[in-house]
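So the sequences go chain by chain: A and B. With the first letter of the first sequence counted as 1, position 76 gets the number 75 in numbering that gives the first Met the number 0; the numbers rise by one all the way through. With the first letter of the second sequence counted as 1, position 143 gets the number 142 in numbering that gives the first Met the number 0; the numbers rise by one all the way through.
It is possible that part of the hints are untrue.
Claimed, not checked - Computed, partial: chain A to chain B, Cβ under 7 Å:
1) PRO50
2) VAL51
3) ALA119
4) ARG156
5) ARG265
6) THR267
7) GLY301
8) THR344
9) LEU385
10) ASP386
Claimed, not checked - Simulated restraints on C-beta separations:
11) ALA355(B) x ARG262(A): 34 to 42 Å
12) ASP255(B) x HIS47(A): 41 to 49 Å
13) ASP257(B) x LYS232(A): 53 to 61 Å
14) GLU356(B) x SER416(A): 53 to 61 Å
15) ASN115(B) x ASP406(A): 24 to 32 Å
Hint data in this document are derived by calculation from the structure and do not stem from the laboratory. Ideal Cβ placement from N, Cα and C applies to all residues, glycine included.
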Amino acid sequence: MTFTKFCARNFTGLLLLVLSVGLAQAAVFNPKTKTLENGMQVVVVENHRAPVVTNMVWYKVGAMDEPPGKSGLAHFLEHLMFKGTKNLAPGEFSATVARNGGTENAFTTQDYTAYHQSIASDRLELVIKLEAERMVNLRLTPEDIEPERQVVLEERRSRVENNPGARLSEQAMPALYFNHPYRIPVIGWAHEIKGLSQQDIVDFYKTYYAPNNAILVVAGDVKPEKVFALAEKYFGPLPAVDLPERPTWVEPPHEADREVTLRDARVTQPSWSYRMFAPGYHSDDHKRGYALEVLADILSSGSTSRLYRALVVEQKLATSAGAWYDPDQRGPALFGFYLSPREGTDINAVKTALWAEVDHLVKDGVTQDEVDRSIRRMQDNAVLALDSLSRPARTLGAALAIGMTIDDVENWPDRISEVTLEDVNRAARDLLSDHHGGLETRLLPAEKASSKKEKGA
Amino acid sequence: MTRILAALALVVTFFSAPVAYAVDVQEVISPGGIKAWLIEDSSLPVTAIEFTFREHGAALDPKGKEGLADLTSSLIDEGAGDLDSQAFQGALHDKSMRLSFYAGQDGFGGSFYSLNRYRDEGLDMLHLALTNPRFDAEPVDRIRSQVLVGLKQRQTDPNFIAHKTLMAQLFPDHRYGRSTDGTPESVSAITVDDMRDFTRRAFTRKSLIVAVVGAVTADELGPMLDRVFGDLPEGKPVVDTAKTDPVLSGGLTVVDMDVPQSAINFAQAGPDRSDPDFYAATVLNYILGGGGFSSRLTDEIREKRGLVYSVYSSLYPRDEASLWFGGAATRNAKAKETVTVLRDQWREVAEKGVTAEEVKNAKTYLTGSYPLSFTNTSHIASILVGIQREDLGIDYINRRNNLIEAVTPGDVNRVAKKFLTPDKLSIVVVGRPDGLSTDGPS
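This is chain A alone, in the form it adopts within the complex:
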């Protein structure tokens, strides 16, 4: 339907993603799982606090799976999934959910697409039946597609064209990824959104929307046996399809430093970022990922973290400064830094101070106390992640959709607690002692007329 999210890979998007993953995965959700004969995985997390459930269907297909020249296809299809099906008139899906007191939405990322409703637990069967219907029975007409194409273009204007930071991100991603489709924005380039045909959409839907490419995750006031039975009843009869082989995207060596700068009259606060590839949970050395997670936390979590304390509090050079680490996605994991200078401070001076902090950390290492406090925070936050209906479902669904396992999620607190001081310091040395081959971005105010004149003269 409606207020579709897409996780554009911009700075704050990444930052939030890391924070939420860091918080949420620490929980022990105690999920129960079953795989249907057609290959669809079903996952249930019980939470009997209120008589409600969150129902999510995750498709293991995202913007990175779009054919060349068809950017925005995965996200456009997500919008159109709220139109008509064989047994539902256009709009009937949402009207039915709403009439039953449910809220719903959907979102598309590079890695996956997910649809979800929250609703009274005695109406779980309704939303499971509706999701099964639109998994295989979508019926599109030009009358549905054309106004929705304009809605998507409006969404693009809201999120990207009206937002200098998001515009910089779009311009910068092709410089970060030489090869990987992450270089193309999830929402798509405007000219390609305009060119997507009904056939493109239907082909993509028929190729990827199938039970053996989907995961059902239900969290809330329901027993697992009940969900398994409903899944069997509605999704069980749907046929598996032959999923296409998907390319394994490998980045060639990155040797050149890249810098991308966007100047815009609407920027009043300059900002800088640096991002580089790092080992993630998918890499051979996935244990390194847990150490990097602790490292990013020590560098950047809270106002007593190393970068905020040094640059914002003590040296008074920046209004914000930090690091992020994104270990869990289908594509390459990223480690990055960001800052925004205080008024009157040169952005390069803050950048120099940030690298000095990083060099200091690499040379002298972090302390045992920092590691202990970081691990404790992450474990405490694992408990707090249960204080939500939808968060366990989102965390488990996202992990499974990118190829991780339930064990990866459930064992996360243990694996974090096994991280040693030496692990963190070795990970820091290996990753950060020579920071080259990454991408630097700058978002700057428009040059003043006078300085332009000077340049021209």
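Dock chain B against chain A, hints included.
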């Protein structure tokens, strides 16, 4: 035809009775006389405390010091008692405790959330923040610089400018016409003495409202309340504030900004929270523009015409004035059409009302979705603060769906005639909208 019949079958099968949901809210009075509402919930080892000091939000900001309450809210957790900013924030962060304060127009709010194993330490820190904040030079300079950056940045945000422009028009001589976070000049003028003075005047027992949710018993809660709030000064009784009427020209104002998409904000007068017709207006607003995908505005402006990604309306009742407010955003070339359809729909609903079917569907949504608000500890506590603030009664949560259920199509259409004033719908558009200029479509 088959399609429609099958669709109906799908719906009818599952259409069942309204969701029944009940919670037990207790009133607890501490040994020292502090009152709080409590929902005991032992599902997680956490405690959430939400509270507000009524009337003491941006309302108290003196002229020329706009933003005082807001800046204070960002600084009282930046060092208190013997703990400087780094020590205070470090202690909170290391124990994953969440302590935050926020200044609204009509009140100054606070929020505390902790695992029970750290709760005692956290309560002492909350007490220190309320009674003995330090306002050291370093955090004052740092936070002020961050606030100033935010203020500057917002001047280039079309939505912010649309909202600010509209509020200034509606309330030219009233504090609601000023933004809670002030201007660069007013925020720069605020001193530490101003902030100290604010905390002394604002944090009083008479204006305090408290709600607690979590793994805590009534017996445990009494001493906790005294520990945090017990030594606050008594303060003056809260008095009912005077009502003011928004100035509604019904016109259209264009503010030029070089952006590809125009931001649109609109408002007219709305019902007060205490108005007996508030529930009928809630149902009406859901049908008009509150129901996301299901509303008239979304259907006409987004679904049929593809003009926007989002359009909404909402009731906006406040202590001294109430609005019916909304927003949208559309490409500059379509701003005129969007405004036209918006006005037409507003008039259509005002004059012709809505259908019994729409009212029925709105009611089943509003009642059925109510329990969805009760899945997060802090959020439940904030709901309890709101209910006390509006004086809705300790059994409100259990009565609320009956109040919605009681609304009839006749009520909704009477309220549409009574409240909706399409001629008084004031609109602000920020961008480069084709064919629109100030004071109405050209």
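Original post:
Within 24 to 32 Å or not, the Cβ separation of ASN115(B) and ASP406(A)?
Top reply: About 29 Å separates the Cβ atoms of ASN115(B) and ASP406(A), which means 24 to 32 Å holds.
Subject >> Interface hint outcome for ARG156(A) [beta carbon to chain B under 7 Å] >> reply: This hint holds: ARG156(A) lies near chain B, its Cβ roughly 4 Å from the closest one there, short of 7 Å.
Subject >> Hint validity - VAL51(A) Cβ closer than 7 Å to any chain B Cβ >> reply: With a minimum Cβ separation of about 5 Å from chain B (threshold 7 Å), the hint on VAL51(A) holds.
Subject >> Interface hint for ASP386(A), Cβ within 7 Å of any Cβ on chain B >> reply: holds (5 Å)
Original post:
Taking the closest Cβ pair, is ALA119(A) under 7 Å from chain B?
Top reply: holds (4 Å)
Original post:
Does the CB of THR267(A) sit less than 7 Å away from some CB of chain B?
Top reply: Holds: closest Cβ of chain B sits about 4 Å from THR267(A), inside 7 Å.
Original post:
Range hint 41 to 49 Å: satisfied by the CB atoms of ASP255(B) and HIS47(A)?
Top reply: violated (55 Å)
Original post:
Taking the CB of ALA355(B) and the CB of ARG262(A), does the distance hold inside 34 to 42 Å?
Top reply: violated (57 Å)
Original post:
Does the CB of LEU385(A) sit less than 7 Å away from some CB of chain B?
Top reply: holds (6 Å)
Original post:
Can the hint on THR344(A) be confirmed by a CB-to-CB distance to chain B that is less than 7 Å?
Top reply: This interface hint is violated because 10 Å lies over the 7 Å limit.
Original post:
Can the suggested window of 53 to 61 Å be confirmed for the beta-carbon pair GLU356(B) and SER416(A)?
Top reply: Check passed, 57 Å falls within 53 to 61 Å.
**OP:** Return the status of the interface hint for GLY301(A): holds when the least beta-carbon distance to chain B is below 7 Å, violated otherwise.
**Re:** holds (4 Å)
The earlier numbered hints that this structure contradicts are 8, 11, 12.
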